[in-house]
Each structure stands twice: as structure tokens, then as C-alpha cells.
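Asker: Line order of the protein sequences matches chains V, F, Z and S. Residues in the first sequence are numbered consecutively from 1, following UniProt numbering. Residues in the second sequence are numbered consecutively from 1, following UniProt numbering. Residues in the third sequence are numbered consecutively from 1, following UniProt numbering. Residues in the fourth sequence are numbered consecutively from 1, following UniProt numbering.
Just so you know, the hints here were simulated from the structure itself, not pulled from any lab data. Mixed in with the good hints, there may be bad ones.
Mimicking SDA-like on lysine to any residue, the simulated pairs with C-alpha atoms at most 25 angstroms apart in a straight line are [as the list claims (entries may be wrong)]:
| hint | chain 1 | residue 1 | chain 2 | residue 2 |
| --- | --- | --- | --- | --- |
| 1 | F | 177 | S | 145 |
| 2 | S | 12 | S | 54 |
| 3 | F | 275 | V | 290 |
| 4 | S | 275 | S | 227 |
| 5 | F | 216 | S | 54 |
There are 4 protein chains.
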Amino acid sequence: MKEVRVGMIGYKFMGKAHSLAYRNVPFFFPGSAMPVLKAIAGRNEKGVKQAADELGFETYETDWRKLIERDDIDLIDIVTPNNSHAEIAIAAAEAGKHVICEKPLALNVEQAERMLEAVTRNKVIHMISHNYRFAPAVQYAKKLIQQGRLGRIYHVRATYLQDWIMDPDFPIAWRLKKEVTGSGALGDIGAHIIDLTRFLVGEISEVVGAMETFIKERPIEGEAGKKGQVDVDDAASFIAKFENGAMGVFEATRFAAGNRNRNSFEINAEFGSIKWDLENMNNLHVYLTEDDKGLQGFRVINCTEEEHPYAHAYWPAGHIIGYEHTFVNLISELMKAITNNELKQPNFYDGLQNQLILEAIERSSKEKKWISIAKKLEQLS
Amino acid sequence: MKEVRVGMIGYKFMGKAHSLAYRNVPFFFPGSAMPVLKAIAGRNEKGVKQAADELGFETYETDWRKLIERDDIDLIDIVTPNNSHAEIAIAAAEAGKHVICEKPLALNVEQAERMLEAVTRNKVIHMISHNYRFAPAVQYAKKLIQQGRLGRIYHVRATYLQDWIMDPDFPIAWRLKKEVTGSGALGDIGAHIIDLTRFLVGEISEVVGAMETFIKERPIEGEAGKKGQVDVDDAASFIAKFENGAMGVFEATRFAAGNRNRNSFEINAEFGSIKWDLENMNNLHVYLTEDDKGLQGFRVINCTEEEHPYAHAYWPAGHIIGYEHTFVNLISELMKAITNNELKQPNFYDGLQNQLILEAIERSSKEKKWISIAKKLEQLS
Amino acid sequence: MKEVRVGMIGYKFMGKAHSLAYRNVPFFFPGSAMPVLKAIAGRNEKGVKQAADELGFETYETDWRKLIERDDIDLIDIVTPNNSHAEIAIAAAEAGKHVICEKPLALNVEQAERMLEAVTRNKVIHMISHNYRFAPAVQYAKKLIQQGRLGRIYHVRATYLQDWIMDPDFPIAWRLKKEVTGSGALGDIGAHIIDLTRFLVGEISEVVGAMETFIKERPIEGEAGKKGQVDVDDAASFIAKFENGAMGVFEATRFAAGNRNRNSFEINAEFGSIKWDLENMNNLHVYLTEDDKGLQGFRVINCTEEEHPYAHAYWPAGHIIGYEHTFVNLISELMKAITNNELKQPNFYDGLQNQLILEAIERSSKEKKWISIAKKLEQLS
Amino acid sequence: MKEVRVGMIGYKFMGKAHSLAYRNVPFFFPGSAMPVLKAIAGRNEKGVKQAADELGFETYETDWRKLIERDDIDLIDIVTPNNSHAEIAIAAAEAGKHVICEKPLALNVEQAERMLEAVTRNKVIHMISHNYRFAPAVQYAKKLIQQGRLGRIYHVRATYLQDWIMDPDFPIAWRLKKEVTGSGALGDIGAHIIDLTRFLVGEISEVVGAMETFIKERPIEGEAGKKGQVDVDDAASFIAKFENGAMGVFEATRFAAGNRNRNSFEINAEFGSIKWDLENMNNLHVYLTEDDKGLQGFRVINCTEEEHPYAHAYWPAGHIIGYEHTFVNLISELMKAITNNELKQPNFYDGLQNQLILEAIERSSKEKKWISIAKKLEQLS
């Protein structure tokens, strides 16, 4: 079996999620390429050493450029803050490494374009870590749509609601600094629901939106008594029109008390509707107009059966999986992509398209008008 | 249109529910017989006068025997405590009045038998007020079972959970006195789930059960500082075997914190399952094994559509009805029964059969063994 | 007790709902003014005669002007299609009658202004029938907000989803004709969620939205084989900014398969969140940040208890009420208003304010930009 | 860090679940002892070789006695059918190996007693794999009970509902043969809910129950056209009384259509109630009587926060875990037990106590009477 030697750059929350996925892919998907956790890079030596130990990497580097230069690395996995994605990904591609990058792809469209150009020109495999596509319930929704079971789509409403920074004393962390993160709720969690709806519904043609920062000043981390301006959005709402005529309503916020992580969508279509939310991610709610009169209602489907994509890799019906398995499924696709030298989705094209939408929403919010999305190029295959 | 002149005996909670039903039957079921609220009886003159006024009765009596003697009364509605049901119902039947009686029918089987004998011999219409049968969702469940959509029934589990006497300082009210009420949770709410399962699943052939009184002493109402023994059950649990081979598990309790009124059942059968609970009484959850693999799940059906029995009388789909409409539907059947001189269910036969089961559970709890239910006679038609 | 003699104009779905409310107000709210169903008006004599009979009116008129002229009428109740609201309401006010009008108040802002002017100048009591405010769960939400339990409001998302015209063969009924109805989903159901959020969150200052007609041609009712253009919206989505800084996201559609009548909202605020939906209208979901860590979660509250507004009028805790009771509660307020000669909300002021928002959304959809809402005048009291 | 060298006997569904847990314990619980998957045993060489490969064991044996003899094994993990548990566990204990055994512990009480005697006499660590105790929501329920937040327990109702053998053509597999499995639904899934309630509520003092085999004849696996008698139960229902006065109602069945794996319980107590079900295993529903009037309702708590036991090992709040993590948590306790040479629960004592209850239910079903549970000995610590 082929080995894929992984070099990871960054080691926080996403580092843990990705590492576990590499660790468990061979267990759940026997026969796929075997990831080897070769090295992990981070600037803080103590931190990265401990991370290597806990996450199971053989070695570590304190300079990510060194990692990219190593010839015992096949794949670079980028889990750093957003402002370093472009530089790292381009360097990796130039070095002929395959790349997987956390979302959002970049700080802006210009960076994302350069990233896509680099991976394409260097003919490396690339993916973006929109893991929620890989929940079996979401994949099953896609399957129903592709099979035509739902028909023409009329509506999608998608929300990603969190509440972790509602306390005004929560300090300005990196996810609250524009220069590091690009945007706030919009790029962090809004990007996920844009990806989910692009995946399920299709391409967005225009948007109008509003962004808001409810708490405009916050304590600065590590500087007692000092406050700083928050320059990213706490919340973003927008309406979208899709190329296929569907209407979309979106909301991403970190100010929805009681919603720890409610990434949810509803789709209404000609022959039925579907609903999903991440906090109960194994369930898909499906309504079909073809059901007998009197017996029509949303079915609560526990997507743990053979018919549900990826579910066969896990447990018998009714034994649920969790958040981490979205990454296991995604990484299983990445392993296939590398083995067969064939791009899988979502990749940097999707990251760029997503970035175009994020940027349009930001412009729309500033200019208070609808903004059209330029479709950049055909999906690579 | 035929008028049915109603004389009601008793005027508390059930008096209000029944009165409203008579009032609204002609509105929701135009064309049915028209109930006229002729007179209401109660011992306390001030109380009964006010009740007559608020509930809309033309006159009142302070002696129920007077009411029964009046020849401007066609139907006697008994909403008094359980220990007076038998005497009143028998007197009414002997006077040639139709009778509807609150549940449980009587204090014991012997009374219930005499009641059934009296109404039968006098050829009057009789019903027992097991109103929950008349929720459209329950009626629809019955329809699915009758149509054979569910096939052979394997299991029923039914609970009626309340929490209104959990406070040890709650005094001994009439529903907590054996001489007035017969039994506690068992006869009050257990009788309802027995009726629902008899209606939906079939006759019970044997039972084994346990009854418990958690708070054995309580303040006596109106006697400050005094405590009395509670001589009825706070909770009753029992297992039943049905004639058709189904297994039943039942629980009636007033000690289920947070459950104000959770009358609920689940039925598992050969081709599917159904679930219902009173607190969301418009919804029926239906699972069908015939559904395509992958698309199998419980459907949440809002039973407000044409196909759902009685729903046509009310509002468009999605506009729910409430508790009181179970009585409106029941009374609409009673009006039909009187108009066509044709018994409807549930009637005193059902009340007697229910009483046989209640008594068997009490015996089972005392003797700690299974008790067979003697089936008394064929359902009257 | 004071009698209020009601003259109703129109007699379809809303006529039935209002009539039942008048009928039952004295039962549930003893002591309030007593509505007397004096007369009902409609152009079709056969239809109106039957309606008078079924809904319980003493007499009928085939010319609504006659009804208004009658001096045995105190209150005019307008349940006709939207294009006649203005003319009737103004005539009624000029005749010194109190007026209650179905929503939306008018076809446009100009009409609504004239209506408000007329009722104000003639010093009659006026209300608009936004009945959903009167669900106990909604009233309790209002109470929590007013008490400051939720603090500053950040977000509201409100949807009114229906699916009754998804079939392309559904004909062009009056609710699908602009000249009769003003707008489609927007004015019909969008008006309701605008009212609910105005009631709970506050005044809207600006909006941006999109309206869509998915099925552009439909059969013409009564003209076999002929099709006509649909000139109203099937769906409307919009984003709103509130005067208090809250952000709102709204959707009204008749193309949401499986949603018979899902009028729902979620509000996220500083100290908690609430959720409600009409199909399970007795439940309010409440999250409070003050709850102990570990024990934080949305509470599902069955709003049938003493603390829940209007619930005392009905049944013990856990015995739910239905759609019709929102009207009973509303009419109980109207009776109080007339008895005490004191305006209640929602009234024509609310109708006008709502109309301003509806019109702004329509303009926004056409002009593809944000539109500010002019606040017309202070709420009357 | 200490290494614990694992020898596993058996390699089907439970083998996979346990193996993954050993694999991931060091990742989620850094600092604990490190399991090393040394060897796996099974009679079929091809099967066990492939299992070794896929599950990640270094070597394999085709004779489990060989495995027990190896001195590079510290811990024997028994995941074979029930009829071999006793022999293997006793041999392992005699060889001085620590033992973890799948449930139910044995075929009968006599075996279970000998097993407990052997592990105790040989002073090895022992556990039984009742994994559902280790869902964070269940552990949090335990914490609430231990803290006295719920007070005296009145009721528990627990069901384990499955539907995988409802098809009459499903053949007689080992789980349907008494000589291999001991009992049917009762020992397989009933044992789990007995364990959960023993853990949460306390010891059971007496039971009465009924067992049923709905499909009495089934095809014999591998013998086309032949049918055999099913000699185990398809379903078992029983009522229990607990030493602390609580009442329990239980149901274990494989004939509950639409319930793939609904292991669920509800507990009603003096100061509140809790509800849980495995298919949404991250959620705990909690009702507290101390909540303000009007604000009382079941809270839906996503048990993914710091306060929820084991949750810290995984992901941020709102990112759920799945079925497999119950094993990871259990194995983390086993590693601690071995490291500190200190028994953890549940262990063979719990297995024996469970077996006593299973046997009592079987006797009760046959003899149609209540059976008392002899409490064998004090919980070992």
C-alpha cells in the first residue's frame, strides 16, 4: 500500500482534528493510502515538540520552510491562521508537494487566485478542508439532489450560529483581528455554509448583505486593562440568488446565545425538502411530496445505514459518529486523490469561488447594494 | 334539526370542558343535532348558579335527582367525582335519559356492571368520556391500523405522566381519597391509557403490576396542621399481554417531574411504528418499513389535513387544534348516536372492560401475581 | 354586562375564525363585554345566508353599506379581500362604528394612512387582526423581553413557510392577483412575521429584500385550458436593521414543501435566546445564559401555566390550546378596548407601520437597494 | 509511560470497537498508559489474520489458550460469543492477566460467580464492557444524581429498542441460539439498560417480567430451505423495584420497527427529571423543579462542555462525539485501573449482579411471579 508522508504546519484545534483523521483513515478505510505523520512545524519549539508528541508526529520543525524543503514529505497540511495560508500553500506547490489547506482559503480573492494558479501550474493535488460536506447526512442530501428526488430547488436557508464571544470581556484573539483572519464570523463560519450550499444547491450569482460588530471594543489579550478596537464582524447576514433560480438566506454569527455550533440548513424544492444541523449531525430530515396524503411529514433519518455515504466505514445502523469523522471522510478522499492522481472536491477552486462570495458580501455590506459574483473558471476535474 | 337537551351534574374542570364542547359542536359540525344547555346540578347553590352563568346553562338544580326527573332533559352528563357515577347513571337510565359519564366509569366492577345493565335494559344511549380517542392523530393511528398498514402489533408502551402532587405539602384532595375516587393515578390517568390501547391494539388478556404511594401522609385540606394517610396510589406500573399476542408496558404516575400531562404511546408493529403524545397532540410520528432503504425514519405528521379524522371540521392544514377539541369530537359522536339511536364507542361496555382491567391491576399489585381479565360480553353495537 | 353588537363583512376562512372567537370570548373570559353576532354581509345571498346560519349571526345583508348604516351595530369586522379594506373601514369609521380589520391593513401605504386618519378623527376603537401576537407563548416571550430577562437583542430570524401553491396547476385565486391582494406571500404571511418582530424586537429602520415568482403562469380559475400571468410574489426574503441595533433576517414563502404553516422566529439576545413556531404553538424554547455551566440548554416550555399570559382562561397545565384561541385572546382585548374606550394593540397604527415596511421591501426588491422606513407617527394610546 | 500489552480474543463488531478505543486512548487522554495491540486470537486463520491487519494487531493466534500463555500480554480482552466468556476469563485470570470482558458476563449466574471468584483470587484488574455508562451525557446524569440535584428517585423507565431481526427470513445467527448466547434481547440489550439503571438509580430488589418470541421458526443459516426453532426471546419487558424505593419499567426488544438502536432512559425524581437516548447520545434533557415558575421545561443540553465528564478530551462545545467514544472513555478508565492497580467500575461484580437480575427475569417469566434479587456481595473497590 502506498504511503503518504504528511507534514503539518500549525497544531491547534484544527491540527488535532486533522491528525486524528490521518491516524484513523487506515482503520476505517482499509485499502486506502496510508498516511504517515512525518513532521509538524510551529514557531514555538516547546509547543510544537509537545504537539508532535501528542498528535503522533515523528519529528518537528520550528521553521515551516524547512518542512517544505524536506524530501520525506509528500503532503503539506496547512492549519495555521488565515494570513499565512497563501504564502505556505504557494511555497508547498512550488516544491511539488500536495496541499490541503484550512478554510477560508486566503485573506482575499487575490491571494486565493495566486494559490489556485500555483497548485494548478505545479500539478499537485489540492484540497480545502470544508469538512462538513463529509457528514454522511450531508452527502446523502447531495445524493438525493443529484438523483433528482427533490427536483428544482426553490429555497435554501443556512445559518451558522455560535455564541463563544458574547461576553464583552472576551479578549481580542487572532480570530478577531482582521490582519490575521481577514474577516470575523463571515470568513470563519459563513465560509462553511457558503460551501455547503454551493455543494448542495449550486453557484451563487449575486448577494446583498449586512455585517455587524456588536461589541466594538474588547480587552487586549495579555495587556491588562487595555482595550482595542474589534475590526472584524461579529455577525453577517446575506441574501443570495443562485444561478439556477434558487433563493438563499444566510446568517453567520457569534452572538446567538445557546447555539454552541449550530451549523444548519434547510432546502425546499419541487418534490421535497431537507433539513440538517451539525449539533445532531447524524440526522437528516426529509420531506417528500410523493408520500401518500395524510402520511406526509418530515422523516427523521439517522444516517448510519449502508445507503448513507461513508456510513459503511463505521458502525451498525443506529450507532452514531461525531464531528471528527467528517475529517476522516475528507482525508479518505484526499488519500484517494493522491493515490489516483485525480483531484477531488472541495479543492482550491472551491476555496477561490468561496472567497469571491465572501468578498462580494463584504463589498455589499459597505456599499449597501447587490454585488454580482464573477464565476472565475470551470471546476477542475 | 333535532335538539338534545342537556342536563349536567357536576361543574368543575370536566364540566367546563364538556360545556364548551356542547356549545361548539354545532359550529364545527353543522348539521348535527343541536345540544341545548338546559340545566346544571350541584349541591352548592352559589357555586352551581355561577357555573350555570359561566358555562351557559339556562337553569340549575341543587339536587341532581330533580334534574333527572325533569322532562325537558334528554341527556344526563355526569362530571361528578367517581363515587357518585353509578347511582346517578342508573337513575338517569331508569328515567329514560341518555347518559354520558366521565371516566373511570365507577369505583369498581360491580358498580360498572350494574351501570351497563341499566343503560342496556332501558335502551338509552350511553357513552364514557374517554376523550383522547378523539384527537385526530389518535383517530388516524386507528385508521392506519384498521387499514392493515401496520400489520401485526408486537408492542405498545403507554405512559401517562403528571407531576401536580409531587409537593409533599399538597393536601389530600378528593382525587387522593379512595372512598371518593376508587384509586389514584391508576383510575384517573391509567384508565385513559388503558382505553387508548384497547382502542388501538385490542383486548388485554392478563396483567401484572405494581402500585406505589410515595408520599404516605399529607396535610388535610381545611384542617391546618393535621395530616392524613393517603390511601390511593401515586403511581402504577404494569405489563399486559393482549389477546392478539402484543405485549404492553404501562405507567401512570403523578410523580414525573416536568411532565405536566404527558399522555403518550408508542406502537411497534410488523410494517411500522407510531408514536404520539398529548402535549403535542396534533403530531403523529409514523415509521413505515415499506419506505425506501436510506429514506427510513419516523415522519412527523401534523394531523390537520383532510385525511385526518375530524380535522376537516376545523382549520386549514398546519393550524392546530387543542385539548378541548377532543371533547368537541366526542360530543359530535354522541349527538349522532342520539340522532340515529345507534350506540357509539366508547360506551359503558368500554367503561366496564376498563374497570375489569383496573381491578385486575389492583389485585395483581396486592397479590403479586399475574391476573387474567375476564372478558365480560361482546361489544354492543 | 355590556353588549357589543358585531357586524361582519366577509365570511370565508377568517370569518369563521373571528365568529368562533366572538362566540367563545364570554366563555373563556367571563366578565368581559358580550359580543352579539348581529349581522353578516356578503354579495352572494345564498352564501351569506348559509354563513349567517353556520357562524351564528342573527341576520345578513347583501350590501355591506347597509350593514354599516344599521344602528344596531357597534363594531364592524372586516374579513374581506384586501382591496376592499380601505373603503369599508373608512365608511365604518365615518358611521361611528368601531372597526377591526384583517391584515394586511390595505393595498398600500396611501390607503393605510387614510384608514388611520379616519378612525382617529372619528375616535372609534380600531384593531388589526394580527392574531399570532396572542399565542400565550408569544406573549410570554414579550414578557421576558419587557422584564429585561433577555437584555439587548442582537438577532431575530423569522420565517413564514407554506406550501399550498407549489403545484403548478393550482389556479390563480384571489390571493394570487395583485389588484385584489396587493402582494403575494409578502403581504399575506410576511406581514405576520413583520408584526411579530415589531411586537417583540422593536421598529425596523431599513430593509433590503428580494421577491420571486417561481411559477409565472397558472390556470385561470373557471376558465378551462386558459392560463394567466401571476403578478404577485411566491416568496419574499429580506434583511432588516432595527432601530435598537438588532439585525433581522426574514423569509415568507409559499414554496417550502412540507411546511404547511411554519410561522417561526428565533431571537438571540444578551442574556438568552428564544424560539417559537406556530405548528407547535404552545411551546416556547428559552435559553438563559444565567443557567449554571453544564446545565445550559434550550428549555422546552409548554406555555399552559398561570405565568403564561391568557393561559389561565383555558385548561390546567399541559392541556394545550390551538390556533383559534389566538383570535379568542385578541377579541378579548378588543372587547376590553370597547368597554373602556381605550385603544389596544395591534391597531391601525401598527397596520400602517407594517404597510410601510411591506412597501419598502417591494421597492427594495425592484430597485435592488436598501430602503429606509419612515416612522410615521407615535403609537396611539 | 507504562505500556499495556493487549491480547484480544474475538474480532467481529466488538473487536473493531475495542481496537479503535485502544488505538485512540493515547491521543485523547495523553498521559495515560499506552495500550499496545500485541496479538489477536480467532479460530479461523484467514479471518484472524485479516483482522490483525485491519485492526492493527502485531500478531495473531488461532488458539486463544496460546494467547493467554504468552508472556508479552498484560491484558486479555474478550469479545467472543457469550458461551466462551467464562472459560477464557478464568483461564486469563489464572495466568495472571488483567481481563476485560464483553457483556453479558456469562451464560448464567453460576459462571459469573466463578469468573468473579477467579479474578478476585488472582488479584487481576477486571472490567465488563458496559460502554454506555461512558457517554458524557450519562456520566453527567450520574454527577447530577450524586450531587443531590435530583433528590430521591421515584421512577426510571428504560428501553432498548432495535429492529434488526423483524424480517421472518432473517436466519438463526449466534445471537439467536440459547446455547451460545444465553438469552436473546434480554441478555444482549436488556443487560445494557439494567447496567445503566444500576449505575444511575441503584440496586434492584425484585422483578417481574415477560419474555416473548414473536417469530418462533427461522431459516437456518447456511442450510437452504431448512427452518429451526428460535429458543431465545425476541423481547423482554419487566417491572422492577429498587432498594431505594424507586420503581422501574424496562423493555428490551428487537421488534420495534424504526428503532435501530434506541437505548433510552428517563428518570423522575424529587427535584427534577432527566432523559437520554443513544441515537442522540450527546444530548441530555434535564428538568429542574427549582427553575422559576413559567420558565420550567426540559433543557436540551449538548454535553460537549467542560462540565461534562470526558468531554474535555475531545472537541470544543457543540462538536459532538459518537458511539465509539464510549469505548475510548471506558478503556481510558481501564488503563488507569491497570496503572494504579485499582479496580474501576463496571467490573465483574457488576457483571455478576447484572446476571442475577437477568436470571431473575427469566425465572419470573417462566414462573409468572415476582422474583427477589439476592445481593451477592459488596461492590469491590
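Asker: Do the alpha carbons of residue 12(S) and residue 54(S) lie within 25 angstroms of each other, as the hint requires?
Answerer: holds (11 angstroms)
Asker: For the pair we were handed, residue 275(F) and residue 290(V), check the Cα-Cα distance against 25 angstroms.
Answerer: holds (22 angstroms)
Asker: Run the distance test for residue 177(F) versus residue 145(S): straight-line Cα separation, threshold 25 angstroms.
Answerer: violated (33 angstroms)
Asker: Has the given pair, residue 275(S) with residue 227(S), been kept, meaning a C-alpha gap of at most 25 angstroms?
Answerer: This hinted pair is violated, its Cα atoms lying about 41 angstroms apart.
Asker: Holds or violated: residue 216(F) and residue 54(S), Cα atoms, limit 25 angstroms.
Answerer: Judged against 25 angstroms, a Cα distance of about 60 angstroms means the pair is violated.
Of the numbered hints stated above, those contradicted by the structure are hints 1, 4, 5, listed in ascending order.
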